[in-house]
Amino acid sequence: MPLPLTDSIARTCRAAQVDGGRPTPAAFELRYTEAGHEAYVSVNWLEFLHQGAADYQTKLQVLREWLLARPKGEVIAPSRNGALAVLPVQAVQGMPLAEANGSLDCAHEPRHEGDPHSGIRPQPGVETWPRQEDAPGRLAVQQFLFQAVCHYEAGR
Amino acid sequence: MTYEAVLPNPASRGLSNFGQPFQDPRAFGMPPSGAVIGNGLEELDRLQAVERKLLALDSAFFEDYSKPLNGSSREAFSVFMRHHPWASLPLLGAESDGSLIATWERGGACLTIRFASRYEIDFAISVGTGGGAQRHWGKSQIAFFIAEHTQAARIISR
Numbered sequence: 001m002p003l004p005l006t007d008s009i010a011r012t013c014r015a016a017q018v019d020g021g022r023p024t025p026a027a028f029e030l031r032y033t034e035a036g037h038e039a040y041v042s043v044n045w046l047e048f049l050h051q052g053a054a055d056y057q058t059k060l061q062v063l064r065e066w067l068l069a070r071p072k073g074e075v076i077a078p079s080r081n082g083a084l085a086v087l088p089v090q091a092v093q094g095m096p097l098a099e100a101n102g103s104l105d106c107a108h109e110p111r112h113e114g115d116p117h118s119g120i121r122p123q124p125g126v127e128t129w130p131r132q133e134d135a136p137g138r139l140a141v142q143q144f145l146f147q148a149v150c151h152y153e154a155g156r
Numbered sequence: 001m002t003y004e005a006v007l008p009n010p011a012s013r014g015l016s017n018f019g020q021p022f023q024d025p026r027a028f029g030m031p032p033s034g035a036v037i038g039n040g041l042e043e044l045d046r047l048q049a050v051e052r053k054l055l056a057l058d059s060a061f062f063e064d065y066s067k068p069l070n071g072s073s074r075e076a077f078s079v080f081m082r083h084h085p086w087a088s089l090p091l092l093g094a095e096s097d098g099s100l101i102a103t104w105e106r107g108g109a110c111l112t113i114r115f116a117s118r119y120e121i122d123f124a125i126s127v128g129t130g131g132g133a134q135r136h137w138g139k140s141q142i143a144f145f146i147a148e149h150t151q152a153a154r155i156i157s158r
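As you go down the protein sequences, you meet chains A and B in turn.
Here this note's numbering is used: the first residue of the first sequence is 1, the next is one more, and so on.
Here this note's numbering is used: the first residue of the second sequence is 1, the next is one more, and so on.
Okay, chain A solo, but in the shape it has when bound (with noise of 0.2 Å):
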C-alpha cells in the first residue's frame, strides 16, 4: 500500500552508518548480493504506530520502543551508537531519478499484523537495473536520500 504524501518514515541506522550521531549516505544502501539488488531500502512508517499531531521526537519515542519490545533479530534494534533518521514522504517520492533508472515510491510492507515496515522502492523495480555497472547511480539515490533526512536523533 503508498503511504500518505503527508507522512512520514524512519530508517534505522547502525553505528556505522553514522558520523557524529549523523546519518550518512551510507544508511540508505540497497545492498546487493549474489541474488540481486534488494528490493527497497527498509523504514518504518511513523504515522502507522503515532496517528494525529505529533512532533517528530514524539513519534520516533513510540517507535523507539516498539522496535525495542521486538524479539531479538526481528528488526534491526535502535543503538546508542546509531541514529534513527527521519524523510517526509513526499520528498522521497518527490525526487526527480529519471536518469536513475525511474522515481522511488514508499510503500507499506507489513510483516505481520501491526507491523509499521515499509519500504522506499525504485520504480521500475530493482530487477531492471543494471547490476554492478550500476554501482554510482546507486550511491547517487543514496545521496538523494541522505539530503531528504529532515530529522534525525539518536537510537536509543
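It cannot be assumed that every hint is accurate.
[What the hints assert, rightly or not] Keeping only pairs whose Cα atoms sit at most 35 Å apart, straight-line, the calculated DSBU-like set for lysine-lysine is:
id: 1; chain 1: B; residue 1: Lys67; chain 2: A; residue 2: Lys72
id: 2; chain 1: B; residue 1: Lys53; chain 2: A; residue 2: Lys72
id: 3; chain 1: B; residue 1: Lys139; chain 2: B; residue 2: Lys67
id: 4; chain 1: B; residue 1: Lys67; chain 2: B; residue 2: Lys53
id: 5; chain 1: B; residue 1: Lys53; chain 2: B; residue 2: Lys139
Because the hints were derived from the structure by calculation, they are not lab data.
Fit chain B to the given chain A structure using the hints.
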C-alpha cells in the same frame, strides 16, 4: 543518463558532465594537490583527525558486523586525504561490505564518494537542492578525480 565511465583516452578525462574543462586548483584559490596549508603542525593535526575518524569507524563497523572494514577501501580513503591536504574532513560511514562512503557538503552542493577499491571510486555530485538540483555521478580513479572535476574540488576544500 549522465553515467560517466573512466575513458582510456587521457584527452577525454578533462571534461565532466558539467562541461567544465580541467582547471588547476590554484585557479580558484586552492593550492595544488600535494601542497600543505599552513604549517606542518596544522597538517599533522588534520591527518590525526582523519586517523581518529577511521579508528572510530573501525570500532563502529566491528560493533555492527563483527568483521573489519574493507582494507583496500580504508587505505584508499586515507591516501585520498593525504594527497589532498586542502580537503576538509568529510562525514564518513561504511556500507555492509566494508566500503567507505565519504560525503562533503558546501553551500548547497554535496559530493559523495564510495572508495570501491585501492584506486577506483564511485562518485555522486549534486548542486542545488530539491527538484532543482543538478545531479551527476560516475566512476573515476583517485589519482585523477579532483583534477577532472572542478566542482568536486570546490566542495571538498576547507
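Honestly, which of those hints from before does the structure not fit? none
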